[in-house]
Amino acid sequence: MSIVEAGIFTSHRIFRAVDSAHIRDAFLETACSLITYQRQTVTLLPPSLQVVSSPTSDRSCKLPRLPPGAVLSESTSMILELTSMLTSSDFWRTVTQERFKTVESPSSSARAPSQNAVETLDEDIAAIDRMRFEFVRRRNANLPIYRLPADVLAHIFWLILPRGAFTARRMRTVSACDSPHWSQLELQRFPDLDSAIEVTHVCSQWRAVALAHANLWTLIDLSSTSKEWARAAIARSMGHAISIELSQAKIKLSELLKSQKDWSRVRSLGIECPTSDLVELFKPGGPSLLPSLKYLSIDNLDDPAHRRELFSPSCNITLPDLSALILCNCTIAWDNFPQFSHLKHLELLNFSDHPPRHSLEHVYNALRALPHLRDLALFSIFPEAGNTASLDPNSPILDGVPIPFPHMEHLRLKGRGDDYALLFGAMELPPTVSAILEVWPATPFALDMLFVKCAVLMTHPLRLRVDAQDGVTEIRFWRTRKTVWDDDEMYPHIHLTIHSMVRGRDDMVLRKIGEPPPPLRARAGHPIMGVLALCESATELKIVDRSAVEYGVIALGTPAQMQGAGPRGWRYFPMLRKLELQCMDGHDNAGLWDTVIFVLKIRHEAGVRLKEIHITTWPGGVSEKQKALLHKYADKVGLHPPKGTAGRQ
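Heads up: the sequence shown begins at 1 in this note's numbering, then just goes up one per residue.
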């Protein structure tokens with residue numbers, strides 16, 4: 001069926017439904033006029049309708065009498081056959097002009113012609129509006145999305161994010177630790193309630209699909225949803241596990257969940273509240289047994305001077321099937337901390353101005369009872385002044401008793417003091433773990449612990465990056481080699497950030513990297529040297545910032561000691577093929593580039609010539625003579641201006 005035929009057929013249904021006789025007559029008159037105008041005999045009509053067309057000058061056409069009820073059907077068939085003669089626009093233009101002639105004919109009514117025409121045209125406009133609505137519905141029904149099965153359409157609704165949101169809520173899909181390598185909670189992907197509500201307002205089909213799929217109503221966020229909609233979602237989600245997020249106690253759970261059956265459907269709960277609300281929620285023998293709860297996030301709103309302890313006898317949270325636990329700004333009764341046998345995800349976070357602090361021994365003992373952890377995050381939970389001197393000499397941490405984490409996938413530690421380094425050193429982790437550490441070590445011993453552990457975890461790093469600026473050193477390790485350097489540069493397998501406790505203090509890490517190798521009898525040196533020595537298989541190295549480049553170049557120029565345990569022929573990076581140096585401080589770096597050229601020369605003479613070297617510095621920073629020498633000792637040389645500046649060197 002052509003577009004015009006589909007339009008005529010839809011129009012037939014509409015004016016039959018509204019019983020608009022005058023529009024029907026207009027169609028019939030137009031059909032006859034078209035027959036006459038085309039000078040054709042209407043042999044296409046049924047035998048009962050066969051008439052001969054009048055001359056061209058006679059635009060009138062007498063309609064044959066048809067049995068009652070057959071007029072509309074037969075005339076519509078006639079129009080369908082005739083529309084093939086004209087384009088869609090010609091057809092509707094002709095219908096319109098014929099209708100205007102009929103309405104504005106002086107003999108159309110006994111009343112004043114203009115008055116009658118206005119009333120008739122008003123009726124026509126109303127009828128056409130109804131017809132247009134039907135055309136739009138029929139057109140939409142032919143769109144690809146309207147032909148999708150209901151289950152597929154419901155799954156699309158499931159994936160809709162909140163309006164303007166590109167990050168998911170903490171309890172829904174990701175933890176509070178924002179990192180591409182940070183594990184997403186193993187949650188069912190709950191849809192957004194506001195988005196589900198908006199879907200029901202699009203059209204009747206979408207509304208029917210949304211209401212027929214109860215799992216679309218399983219996330220109830222009371223921070224952005226009214227109580228009425230929350231109650232409606234509880235009813236619409238019947239039979240499915242639900243996720244609830246409460247903020248500032250807008251409504252109590254007891255007001256929302258009316259029956260034990262509703263309580264048993266709560267699978268995840270994220271709540272911002274004072275501890276008193278938790279005491280009421282988890283009181284022994286209370287209605288909120290929450291037997292299906294697997295994900296719990298608590299953001300404590302207590303005044304710092306009046307915090308109450310979680311897991312104390314007055315707030316005893318007993319959830320044996322809990323899989324993920326996130327505690328923010330919470331004081332914990334560690335002696336009563338449960339042994340969650342199914343816990344895989346744990347975050348202890350402090351973001352308040354006066355955060356509660358926890359002792360290293362308590363956290364150490366609690367973690368030893370959680371061997372199934374896969375994701376662990378500890379943010380600012382230890383005293384800032386904590387250092388190795390404050391530990392009990394008999395502490396199992398100092399005795400080297402490990403914390404076994406055979407399933408650990410993602411680890412993140414952040415805070416001031418030595419406790420984070422000591423805890424990291426005590427963890428027994430698989431070699432595939434991804435770790436992000438940002439620490440302010442107070443003593444050299446803690447710094448040694450960090451590097452020793454990194455050397456154990458990264459036995460054969462393929463890439464290493466060192467950045468240093470203003471007392472902050474970042475060291476990143478990759479286990480994989482990428483064709484394009486920037487493919488996953490922001491996602492290292494181990495990312496270690498070390499801050500100086502004293503602002504502006506000389507960076508110990510870079511200083512140790514640049515020290516000459518110690519005598520054979522004192523070969524151990526600083527642990528960072530062991531980390532560098534492990535990079536014997538690394539083929540790419542990128543060094544950023546002048547001070548890092550200065551110290552790094554010295555390390556690159558250190559030959560192997562034949563009686564030592566270092567790689568044969570060269571001490572550090574014997575297989576290095578690609579080197580990137582970034583130095584954009586604006587100083588005169590001519591002496592620095594001379595040193596780089598000298599290192600390239602001696603490595604070239606030792607048989608470890610570079611394939612590529614890339615230098616990013618200000619235009620004119622490298623002289624023509626230096627450029628020629630760089631090309632002499634490396635197969636490929638790239639000189640690049642800083643980003644945002646034009647031109648190449």
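By construction, these hints were calculated from the structure, which means they are not laboratory data. None of these values were measured; they are calculated from a predicted model. There's no promise every hint is true.
[Claimed, not checked] Have a look at the derived ranges for each label pair, beta carbon to beta carbon:
(1) Gly620 <-> Arg357: 24 to 34 Å
(2) Pro313 <-> Ser537: 50 to 60 Å
(3) Asp635 <-> Pro559: 15 to 25 Å
[Claimed, not checked] With a straight-line cut-off of 27 Å between C-alpha atoms, the simulated DSSO-like cross-links for lysine-lysine are:
(4) Lys632 <-> Lys611
(5) Lys636 <-> Lys625
(6) Lys261 <-> Lys283
(7) Lys578 <-> Lys627
(8) Lys601 <-> Lys611
(9) Lys227 <-> Lys252
We put the CB at the ideal spot given by N, CA and C, even for glycine.
Hints that the structure is at odds with (numbers, increasing): 1
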